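Protein chains: 2
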Amino acid sequence: MAQNAKLQVTVLGSGTSQGVPMIGCPCPVCRSTDPRDNRTRSSIFLRTPEAGLLVDTTPELRVQALREKVDHVDAVLFTHAHADHVMGFDDLRRFCDLLGGPLPIYGSPETLQTLERTFYYAFNPKKTVPGYVHVVPHTVTGPFALGGLTITPMTVPHGAVQTTGFLFSHRGRRMLAYLSDCQSVPPEAVDLMRGVEVLIIDGLRDHPHPTHLNVQGAIAAARTIGAKQAYLTHQTHDKSHAERERGLPAGIGVVYDGMKLEFDLE
Amino acid sequence: MAQNAKLQVTVLGSGTSQGVPMIGCPCPVCRSTDPRDNRTRSSIFLRTPEAGLLVDTTPELRVQALREKVDHVDAVLFTHAHADHVMGFDDLRRFCDLLGGPLPIYGSPETLQTLERTFYYAFNPKKTVPGYVHVVPHTVTGPFALGGLTITPMTVPHGAVQTTGFLFSHRGRRMLAYLSDCQSVPPEAVDLMRGVEVLIIDGLRDHPHPTHLNVQGAIAAARTIGAKQAYLTHQTHDKSHAERERGLPAGIGVVYDGMKLEFDLE
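Quick note, the sequences are listed as chains A and B, same order. Per the numbering used here, residue 1 is the first one in the first sequence, and the count goes up by one each step. Per the numbering used here, residue 1 is the first one in the second sequence, and the count goes up by one each step.
Check each hint, because a few of them may be wrong.
[What the hints assert, rightly or not] Cross-link-like lysine to any residue pairs, in silico, SDA-like; alpha carbons within 25 Å at most: (1) B/Lys260 with A/Arg173; (2) A/Lys260 with A/Lys126; (3) B/Lys127 with A/Gly100; (4) A/Lys69 with B/Lys260; (5) B/Lys69 with A/Thr141; (6) B/Lys127 with A/Gly159; (7) B/Lys239 with A/Arg67; (8) A/Lys6 with A/Arg173; (9) B/Lys260 with A/Gly24; (10) B/Lys69 with A/Thr33; (11) B/Lys260 with B/Arg36; (12) B/Lys69 with A/Arg173; (13) B/Lys69 with B/Pro109; (14) A/Lys69 with B/Leu265; (15) A/Lys127 with B/Gln162; (16) B/Lys126 with B/Glu110; (17) B/Lys69 with B/Met259; (18) A/Lys69 with B/Pro21; (19) B/Lys69 with A/Cys25; (20) B/Lys260 with B/Glu197; (21) A/Lys6 with A/Gly52; (22) A/Lys127 with B/Arg117; (23) A/Lys228 with A/Ser169; (24) B/Lys126 with A/Pro210; (25) A/Lys239 with B/Asp97; (26) B/Lys239 with A/Leu66; (27) A/Lys260 with B/Leu103; (28) A/Lys239 with B/Val70; (29) A/Lys127 with B/Pro208; (30) A/Lys126 with B/Lys239; (31) A/Lys69 with A/Cys96; (32) A/Lys239 with B/Arg67; (33) A/Lys239 with B/Lys127; (34) A/Lys228 with A/Gly217; (35) B/Lys69 with B/His209; (36) B/Lys126 with A/Lys126.
[Stated by the list, open to error] Not everything, but these chain B residues come out facing chain A in the computed CB check (under 7 Å): (37) Pro59; (38) Asp71; (39) Asp74; (40) Ala220.
Treat the hints as calculated values from the structure; they're not laboratory data. A quick note: this is a predicted structure, and the numbers were derived from the prediction, not measured. All C-beta atoms, glycine included, are put in the ideal place defined by N, C-alpha and C.
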């Protein structure tokens, strides 16, 4: 890989399932004019010199891709198949067009099954229609390589379902871990992420939630993992970005739509 | 109904399945700065003194509702279940919350079946979770009343599927007909709409398409119907709004995102 090669990460969305602002909500956060309080549904995009990798396809995928000028996706990783993480799936058609072929997608067996139930027309290798979405599913069972990175899936609990977190490593460096929806972080996942440079983790709100980590839980998980820097994602309208950041200890921040992170790949 | 009562119609989206601008497209229309060339997926919202009626739930429903300050929906009508018309369905949860109960939805048997296959959790009357979307399906078989209007469904062909167009009437006045996706308009539908005040009709692009009316086909259909005014919808990036309008005969226009129409209800 060339010198000065980078892994660039763009936060496409940082909001919880209903987004911020919430429709018809008169609260100060939903009426905020700070662009960081405009939170579409949680998703990230990674670019290496070799590939563009999308994590999840939110209902607002088209809006996010236009905003961040994402025009080349080589593969899609899915954390799980809840509506706020997958309902933009059909908009992958445009990336298939630009790529000139089917898109590889990665997820747990349950996630891929749920996607196929809805978007069955994208999964039929014998009947492809030009201009339509067409994918090649890959069941995630252990570490795999994409775009010059090693991607390690981690199974984490999220209420009635389990979601897949992803650890992105390069030559043994644990660069980025992404856990968008989790109620806790099991010891096996902690071991895989230990000492990670940047952790982006579900930290929904202050008060506890049955299927998500709250802010205190996310901070505790970040410390257990030993993340050098952690950022909360999947935020509700309980606090503005500025208010949320003010209350956090050193080494913990909050992602926002459009935020960028960069890692040297040497 | 009170004097000065109005039917207000807001165009939530006016674009074809991939929207305009298209992701990663360098064409002049996709780079246009005219806000009328910013086309989310086709949908309209109707408000009468009695009710708010949404037609379709596009992937961008949340974005559209925030933009047009739609904060109260009493019922949803579905034209069909293609992705560009339904993938915002889960965002109805917010309207259920604001309404304080389940949302009635209306569609053909095929449309409702497809919706239920994906959003099964919204259709279970015995297991409702506060804060989640919950609907009561109504199969459309003939005219029905909502919000002080009579709504007449019309079955029209759209490639391999049939879609449902809707005629909105008040005391016998045929006010508005909405046909978002159709390849032709069968004689039975023409009879139902004859002389309608405003027709919003699929007019995808100049050159023919196997499942959509093109511009010339839409103009011909509007004339056959005898619409006093017609507007094309479901537009691609082939022409800008301004270019498209310049080429149209009197009585034919093009809808755009955010466009409003008003009808006196006397």
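Here's how the hints hold up against the structure:
1. B/Lys260 with A/Arg173: violated, 55 Å
2. A/Lys260 with A/Lys126: violated, 39 Å
3. B/Lys127 with A/Gly100: violated, 44 Å
4. A/Lys69 with B/Lys260: This hinted pair is violated, its Cα atoms lying about 30 Å apart.
5. B/Lys69 with A/Thr141: Roughly 44 Å separates the two Cα atoms, so the pair is violated.
6. B/Lys127 with A/Gly159: holds, 16 Å
7. B/Lys239 with A/Arg67: Holds: B/Lys239 and A/Arg67 sit about 22 Å apart, inside 25 Å.
8. A/Lys6 with A/Arg173: Answer holds: A/Lys6 to A/Arg173 is near 13 Å, not above 25 Å.
9. B/Lys260 with A/Gly24: Answer holds: B/Lys260 to A/Gly24 is near 20 Å, not above 25 Å.
10. B/Lys69 with A/Thr33: holds, 16 Å
11. B/Lys260 with B/Arg36: Holds. B/Lys260 to B/Arg36 sits at ~13 Å (cutoff 25 Å).
12. B/Lys69 with A/Arg173: violated, 47 Å
13. B/Lys69 with B/Pro109: violated, 31 Å
14. A/Lys69 with B/Leu265: Roughly 45 Å separates the two Cα atoms, so the pair is violated.
15. A/Lys127 with B/Gln162: holds, 21 Å
16. B/Lys126 with B/Glu110: holds, 23 Å
17. B/Lys69 with B/Met259: holds, 13 Å
18. A/Lys69 with B/Pro21: This hinted pair holds, its Cα atoms lying about 11 Å apart.
19. B/Lys69 with A/Cys25: holds, 10 Å
20. B/Lys260 with B/Glu197: This hinted pair holds, its Cα atoms lying about 15 Å apart.
21. A/Lys6 with A/Gly52: holds, 12 Å
22. A/Lys127 with B/Arg117: Holds, because 21 Å separates the two Cα atoms, which is no more than 25 Å.
23. A/Lys228 with A/Ser169: holds, 15 Å
24. B/Lys126 with A/Pro210: Holds. B/Lys126 to A/Pro210 sits at ~21 Å (cutoff 25 Å).
25. A/Lys239 with B/Asp97: holds, 20 Å
26. B/Lys239 with A/Leu66: Holds - the C-alpha atoms of A/Leu66 and B/Lys239 are around 19 Å apart, at most 25 Å.
27. A/Lys260 with B/Leu103: Given pair A/Lys260, B/Leu103 is violated - Cα atoms ~39 Å apart, limit 25 Å.
28. A/Lys239 with B/Val70: holds, 23 Å
29. A/Lys127 with B/Pro208: This hinted pair holds, its Cα atoms lying about 23 Å apart.
30. A/Lys126 with B/Lys239: Violated, at roughly 34 Å.
31. A/Lys69 with A/Cys96: holds, 16 Å
32. A/Lys239 with B/Arg67: Since the Cα atoms of A/Lys239 and B/Arg67 sit roughly 22 Å apart, the hinted pair holds (cutoff 25 Å).
33. A/Lys239 with B/Lys127: Not OK: A/Lys239 and B/Lys127 at ~31 Å, beyond 25 Å, violated.
34. A/Lys228 with A/Gly217: holds, 17 Å
35. B/Lys69 with B/His209: violated, 34 Å
36. B/Lys126 with A/Lys126: violated, 40 Å
37. Pro59: Holds, about 5 Å.
38. Asp71: With a minimum Cβ separation of about 3 Å from chain A (threshold 7 Å), the hint on B/Asp71 holds.
39. Asp74: Hint violated; B/Asp74 Cβ to chain A Cβ min 13 Å, cut 7 Å.
40. Ala220: violated, 26 Å
Of the numbered hints listed earlier, those contradicted by the structure are 1, 2, 3, 4, 5, 12, 13, 14, 27, 30, 33, 35, 36, 39 and 40.
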